[in-house]
Amino acid sequence: MTAYDFAISGQHYLFDVQSFAHTVLAAGGDAYSYGLLDRTTQGVIDDVVSGTSELGVVMQTSATADALNAALAEAGLTFHELAVSAPLVALPASHPLVNAKSLAIEQLADYPYVYFAQGEDAPIAFYEEALAEVPRAKKVACTDRASLTELIMAINGYTITSGILVGITDGSALTTIPLKTSVQLHLGYVTADNRELTVMGERFVSHLKRSLDYYAQA
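Per my numbering, the very first residue in the sequence shown carries number 6; after that it's consecutive.
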């Protein structure tokens, strides 16, 4: 297994990418080995427990927080909340509902739902999308951000997201519309209870907090 000088693992959200880049640029150096690892929620947990990554960046919803925090505690991890955000529907410009001011989940019933695969046995609390528990007649699982974006555009589908891109262009082809729901997204990071953050870890968290404070909208 590769040993990194510094690594983080995250779900497939984009708000950690810019923060990681700032941390790497600030550290400088003539030689280094860093890792920015996109994982399932279980993968994030496994990486932080094993020490592959110093910390993990995750989203939990107000509906799933208790269950996810219980799973984290069982693994010896703690979630640190940095921001609260309202979920958004992400659609392509060609979508019939793209001009809506807001959308209820029922209005999307006829359209393909595209989401990040978590594995067959993953609990609902591990899913990265708000209202993941709502039954869908048409759904497609993806394992990476680029495929999800391209597929949504190709099949006129949708997903539920934070909409926080933080200066990254990937995903900007999609339009985001407020979702009518009382559920909120809790954005933050997880750490191992038996390890302190390094200087790099602290710097990353500082950059992440500033980004989320600026971009997150509840």
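The hints are simulated quantities; they were obtained by calculation from the structure and are not laboratory data.
Among the hints, a few may not be true.
Said to hold, decoys possible - Ranges between beta-carbon positions, derived for each pair:
#1 A127 x S38: 15 to 21 Å
#2 A72 x A122: 17 to 23 Å
#3 A122 x S67: 19 to 25 Å
#4 S211 x L42: 34 to 40 Å
#5 L30 x E138: 38 to 44 Å
#6 E125 x L42: 20 to 26 Å
#7 A159 x Q112: 19 to 25 Å
#8 T203 x E79: 35 to 41 Å
#9 N199 x A127: 33 to 39 Å
#10 V204 x E111: 44 to 50 Å
#11 A75 x G34: 36 to 42 Å
#12 E155 x A75: 22 to 28 Å
Claimed, not checked - Below, a list of computed lysine-lysine pairs in the DSS-like style, where the Cα atoms sit at most 27 Å apart:
#13 K185 x K143
#14 K144 x K106
#15 K106 x K185
#16 K144 x K185
#17 K106 x K143
For glycine and all other residues, C-beta sits at the position ideal for the given N, C-alpha and C.
For each hint, the structure was consulted:
no.	hint	verdict
1	A127 x S38: 15 to 21 Å	violated (30 Å)
2	A72 x A122: 17 to 23 Å	holds (19 Å)
3	A122 x S67: 19 to 25 Å	holds (23 Å)
4	S211 x L42: 34 to 40 Å	violated (20 Å)
5	L30 x E138: 38 to 44 Å	holds (40 Å)
6	E125 x L42: 20 to 26 Å	holds (22 Å)
7	A159 x Q112: 19 to 25 Å	holds (21 Å)
8	T203 x E79: 35 to 41 Å	violated (25 Å)
9	N199 x A127: 33 to 39 Å	violated (25 Å)
10	V204 x E111: 44 to 50 Å	holds (49 Å)
11	A75 x G34: 36 to 42 Å	holds (39 Å)
12	E155 x A75: 22 to 28 Å	violated (35 Å)
13	K185 x K143	holds (20 Å)
14	K144 x K106	holds (24 Å)
15	K106 x K185	holds (10 Å)
16	K144 x K185	holds (20 Å)
17	K106 x K143	holds (24 Å)
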